[in-house]
Structures are given as C-alpha cells and as structure tokens.
Amino acid sequence: MDIIKNKAVVPDEWTILRPAPDEAAERVVVPAGKVIVPLKVWQAQHAGLGSRAELGVWLASDERPEAVQGELEKFAVIAVDFPRFTDGRGYTIAYLLRTRFGYRGELRAIGDVLRDQLFYMQRVGFDAFVPRADKDIHDALKGLGDFSEVYQASADRELPLFRRVQREAWLA
Amino acid sequence: MYRYDQIDHQIAAERVAQYGDQVRRRLSGELAEDEFRILRLQNGLYMQVHAYMLRIAVPYGLINSAQMRKFAQIARKYDRGYGHFTTRQNIQFNWLKLEDTPDILAELATVGLHCNQTSGNCMRNITSDEYAGVARDEIVDPRPYAEMLRQWTTFHPEFAYLPRKFKFAISGGEQDRAAIAVHDIGLSVVRNPQGEVGFRVLVGGGLGRTPMLGTEICGFVPWQHVMTYVESIVRVYNQHGRRDNLYKARIKILVKALGIEEFRRQVEAEWQHSKDGPGTLTQAELDRVAAHFTAPAYATLPPHDAGVAELQAENKAFANWLQRNVKPHKIPGYAAVVLSLKKTGVAPGDATAQQIDAAAELADRFSFGELRISHMQNLVLADVKKSDLIALWEAATAHGMATPNINLLTDMICCPGGDFCALANARSIPLAKAIAERFDRLDFLHDIGDIELNMSGCMNACGHNSVGHIGVLGVDKDGSEWYQVSIGGAQGNDAAIGKVIGRAFSFQQVPEAIERLLQVYVRERLAGERFIDTVRRIGHEPFKEFVYATPIAENESLNGEAYALLPKGVSYDTPFYSPRF
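Chains as they are written, first to last, in our numbering: chain A, 1 to 172; chain B, 1001 to 1581.
Hints were generated in silico from the structure; no laboratory data involved. For each residue, glycine too, the CB sits at the ideal point set by N, CA and C. Accuracy of the hints is not assured; some may be wrong.
[Unchecked claim] With a cut-off of at most 30 Å between alpha-carbon atoms, the simulated BS3-like pairs for lysine-lysine come out as follows:
#, chain 1, residue 1, chain 2, residue 2
1, B, 1165, B, 1248
2, B, 1077, B, 1433
3, A, 142, B, 1165
4, A, 135, B, 1165
5, A, 7, A, 34
6, A, 34, A, 5
7, B, 1097, A, 142
8, B, 1248, A, 40
9, B, 1097, A, 135
10, B, 1316, B, 1433
[What the hints assert, rightly or not] Pairwise CB distance ranges, derived in the manner of DEER restraints:
#, chain 1, residue 1, chain 2, residue 2, range
11, B, 1257, A, 51, 40 to 50 Å
12, B, 1437, A, 156, 52 to 62 Å
13, A, 21, B, 1257, 18 to 28 Å
14, A, 145, B, 1394, 36 to 46 Å
15, B, 1077, A, 7, 37 to 47 Å
16, A, 72, B, 1407, 56 to 66 Å
17, A, 104, B, 1493, 25 to 35 Å
18, B, 1565, A, 104, 29 to 39 Å
19, A, 7, B, 1017, 45 to 55 Å
20, A, 43, B, 1275, 24 to 34 Å
21, B, 1526, A, 64, 54 to 64 Å
Generate coordinates for the entire structure from the input sequences, incorporating the hints supplied.
Next comes the structure, spelled out in structure tokens:
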C-alpha cells in the first residue's frame, strides 16, 4: 500500500492493527513484521511487544499523548487516528508529541484523512499520511502545498510570522 | 485601519485558490457534500432555505469605503441587490450560487476582505467595539490587539476542528460595547495600577441553547502574553470539550462541568509551557500593527457648532436624530454618527446596494473613508465633524438611513429567521416588521427611551434574545411556531440573561404582549429609569401578572401576505448538488 511520507507517495510496509472494539487488548494477536498496534494493546502486552525490533503504536483521538511520553524511543512510528475528519483532538496530540515530548520519529495520520486537512496536519507535526482508501492519494498530496506562508508558530515553525520576518511597515 | 502587506495578500490569494479548487471538486463530484459542507462552512457558506448564503468577515467591524463598495457590487452582480449586516459585525448575502462563490472570494481579496472562519467549529471572526479609537471612555484602543488576534486565529492549524464554534470579543472601553460576557472568550483591555496594559479575560460565555455569562479566568494578563494565554485556553478546550453532544460542545459547558477553579488550573498548567515562549508578542509587532490604527488628521475645532444648535432648535426631526443617532467623540468638535438600518418595514440590518454605496460615499465625504459595522446591525461613521452633521443628516435621510431610533424599541436585533435560515423554527423578520409597525410613533418610542428588543427564530440565538431587555425567541411546538418572551436580559457591564415570563405567544399575539410589558414599565417607572432598570427594581412578577391577566386576542391583520414566509424556490435555479431541493 502507498502512503504519503515526507511529501511524496511511497510504498509502505506497515500494517495498522485494528482489533474489534470488544476484543480484549491482552488477547489480541499481533502478527510478526511491521505492525502499528493500538495503544491499549501496547499497554497490555508491554512485555512481549517491547522486545520487537520495529514497532508502531497508534492513539485514538480520545487517548492522551502522555501515555507514551516516557517510551517514545521504542516506536518507529506513532500514528494518530482521526475517527472523523472533524474530530480535531488529533491535532493537539500531534502538536504535543512533537513540541512538548520531543518525538522525532514518523508521525502518521490515519483514519478519516483527507486532502483538505493535510496542510494543517503537516503543520502540527505529521510527516506521514494515509489518505482514506476511496480517495486518490496523488490528489491528496496536493493538499500539503495549499499555503506558502503562515501566521502562527506550530510544530513546523518554531517562530510565529512576526518573529521570523521583517514585515512591511505601514506609513500613514 | 489595517492594510494588508505582501504576506497578507499572498495568504489571501492562496486561500482564494484553495477554496476555488474545493468548489471545483464539489461540482465534479470528487468531494461529497458531507466533506464539502465542513469546508464551505469554514468559508461562511451555508445552504439556506432558498439558496446559498455567504457570510463575509468584517474583522472587528472595521471597513473602508472601497470595501463597502465591493459589497454593493457583489449585491448587484451576484445577489438580489442587497445585503444583511449581522450581530457579528459581518455581512451576509442570501441568494448566491455555489459556482459564483470562488469569484466573489477573489473579488473580495482585491480589497483585503475574506470569509475566513465566519462559520464552522473554529475560531470565528473577532468582534469589537464599534466606537474603538474614538470613545471617550476608552482605556486602550483594542484594534491593534484585535488585528493581531485575527492573524493568529487565521488558519490556525491546531484549532480548525474544535468541538464547536469559538467566538472572541474584545473591548477597550470602561463600558463594554462588544458584549464580551456572551463570548467564548471575552477580552477587555485594561491597565493595572502600574499603568501597564493587559487583558481581563472572561471565558465560557455564550448564547444559544444554554445561555451563560462568561466567568473571569484571569483579571490581568499582560498584553505580551495574551496570545499564549488564549492559546492555552483553546488547547485545553480542544482536548477536553465534549464532542459527543452538539448541544454540550461549547466551552461554556466544559467550564461549568469542571468549575472555573479547575478549568483555570488546567489552563495555567498548560500556559507554563508556552508562557515567555516565541508566541509572546513583541513591542515591535505591536508597534507595527498599531501604526495602522493611528488617529486620522483631526482638525482643531470648537466643541460646538452654532449651525447645528440652530437647526436643532427649529427642526424636530433633526433634533431627534441628534439625540439618538449622534454619539460623543473624544476629540472636540467631532461626533460618531450611527446610520440606522432599522427603518420600519425593512428587515433589521438589511441594506440595499444603493444604501451601501451611499454609506461608502458618506464615509469618504465625512469620515476619513472608514466605517464600522455595529453588532446592533447598524453602520457607524466614527469621525464626523460636528459642522458636517447637517449635510450628513440630509444625505442619510435621502438614503433612508437616518431613522432616529438608535437604542429605541425599533432598533431591534433580529436574525434572518424562518424566511431564510435552515435552522429557524419561526419567522423573525416579519415579526420585527409587525412590532415596528405597531410602535412606529416617534413620540412614543422616545418616551419609552433606551430599550433593547432582541429576536431570534430559534435556540441558536443569533438575534441575542437572551440578553435583550425584552427577548423574543421562536420555538417549535408540534410543528407550529410560537414565541417565548423574556425580560431582564442585558449586554454590557451589567450583562444578564433574561428570564422567560411565561407561556409562549402566537405570532399574532407578540406585539400586544410587548405593548403590555411597556405599559407596566410606564406605570411603574421612576424618573429617568430605563425599562431594564425598572425590571431590575420591581422584578418580573408585575410584568408577568399584567401580561397574562386577560387573554391576548389574535391580531388577524398579521395573517396577511405581508407577514408570510418568503415563498420557497421562486426564481432561483435549483442546483443539482443542493441537499435541500
């Protein structure tokens, strides 16, 4: 499957594990290979999964980034799920992972991920995106370039516009 | 006022391209309506009863004559020759086609206007005091801060999909004229005892289904820190505001659920991470933005004008207008003038293209080319020489914008209601008309004096009914429209939420119910007491008792066509993509 990573469409080897909601986290079978497991599965199977060479974890929008704060180096990928694109909690989760907890690995947006949200997602720190399966990934890629300048600081820009650029003065 | 620099223009141009492409993808079917709806709302585009409605931002209500003329052009070219000014100091056009909206956006951008975040669950257009910069009681001019806040909120990447809409209001006077207590965040610019500038911050106010007044979360945030402080508030809200129930999703519900102490604790904890960080405002940035809001080249004038005094003495109509529509100004010899958009028979806040052009012309002739939109849905020329008042009055009269009724009963706030709005339960414009006609006697109105009658066609309370001295709220009961009447609401420093007086009235009964409320006021008032003061002094009971003492007859004359809902679907091309048709 292809994903968008670092502003390009690239093949991807990771599998996102989405167990049924009623499945007990400790009983979920995590296949071998590159798997992104739900936070609850990671927490329930810490011992077994901790020894894997490569592991990813994904957070639901109602889960807290603090839950992985002390173990960020264990993950090659952290994904944040957008159950609906209008659920904006994932933006703050990403922002906190990047700017407050110092996560530097791949940060992937999964779920209801659409072209018109990609620019904002990139700004808060996502560098990988799995657009919704029914959408054209090459079209979605264009969403990353909607704006060439921004006002605020975020995960992508440490400084707000007024500290980065000498803006034109208005002379009355 | 603020002028775009190259960067503002560039961002605006990129926005036009982005939105245009979104519309193209909707029309081609690449975007489903469910996906597009959220995008178009963030651009202020609603699908209403008849057509698409576009809400254009007038940031903090400040506008120049070229921008006003653009509204008139849009009204003529794309709409039906008029626009509607709103309680959020914006303008709405009611009869648009989706295909035209990208062109409209492009035309707006040529004069530095946009529709960014005028709807949707994001940080909305910021409102402020229509007398900013000229009010005598002003402590600090709020406009530079409002503009910095505008830039900070524009396309903020983290807060575009909040649980619910999020509104800021900012005021810089001793008197609050921006209704800051009924906003998600209300800011008043204040000075501390050392003379330093900062903000008193209210949080969790709002109208709608559960009207609440904001609570003070911080008495003084130094101005440099205001952006990081409000960012902390919004970040806490984005994470913890309810998303399971639309009606409980505003920040007011979160603040109430946590209690202000706990909410404050969470905000302060969050703030520790960003305080003194790069988001801290700099003196250089404040100076740069404030330079756009320096005082115009005022002349040195005598405080009074003899010609005005003379005409005032001999012409009752002019005297009435002076009394109601002309407001004090901090500079001697100047006044602020309200152009009333509340002429009886016209929907409150509506202005024709000719009136919009005329207002722009008056701004150029008399007020340094600038205007303000007031949240009371009128226009304000803020810098008029007193010696120009007669000429201005004559011109405003000729264009139907000199009705001497500011802050009187007929200066109603009114939402579009059932005639236009897809959310409404009831008509509001026809009821405003019926009420205005009933009380359209100038001596009576002046005798009743200052009173705020606010009307909304549904719970969403766009017509600010909960803070009206008299509030009228359209409700649906078993598929028919009824109106709840409340009294005791107020905006400003003594903001209060009104209380419903009793069972609801039919459309045909409401004017009589209001008449009875006014009769109680006239009977009970002390000298100099406003309606709201009397309500506060004697309580609701005497009003309630009198209004319901005898049955109110249905006023059959209000059943006529003149008050009927606009017929649906007439002479508007039904778009195939419209979910409504």
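Each hint tested on the structure:
no., hint, result
1, B:1165 to B:1248, "holds (12 Å)"
2, B:1077 to B:1433, "holds (28 Å)"
3, A:142 to B:1165, "holds (28 Å)"
4, A:135 to B:1165, "holds (28 Å)"
5, A:7 to A:34, "holds (22 Å)"
6, A:34 to A:5, "holds (16 Å)"
7, B:1097 to A:142, "holds (26 Å)"
8, B:1248 to A:40, "holds (28 Å)"
9, B:1097 to A:135, "holds (27 Å)"
10, B:1316 to B:1433, "holds (25 Å)"
11, B:1257 to A:51: 40 to 50 Å, "holds (42 Å)"
12, B:1437 to A:156: 52 to 62 Å, "holds (58 Å)"
13, A:21 to B:1257: 18 to 28 Å, "holds (26 Å)"
14, A:145 to B:1394: 36 to 46 Å, "violated (54 Å)"
15, B:1077 to A:7: 37 to 47 Å, "holds (39 Å)"
16, A:72 to B:1407: 56 to 66 Å, "holds (59 Å)"
17, A:104 to B:1493: 25 to 35 Å, "violated (50 Å)"
18, B:1565 to A:104: 29 to 39 Å, "violated (59 Å)"
19, A:7 to B:1017: 45 to 55 Å, "violated (19 Å)"
20, A:43 to B:1275: 24 to 34 Å, "holds (32 Å)"
21, B:1526 to A:64: 54 to 64 Å, "holds (58 Å)"
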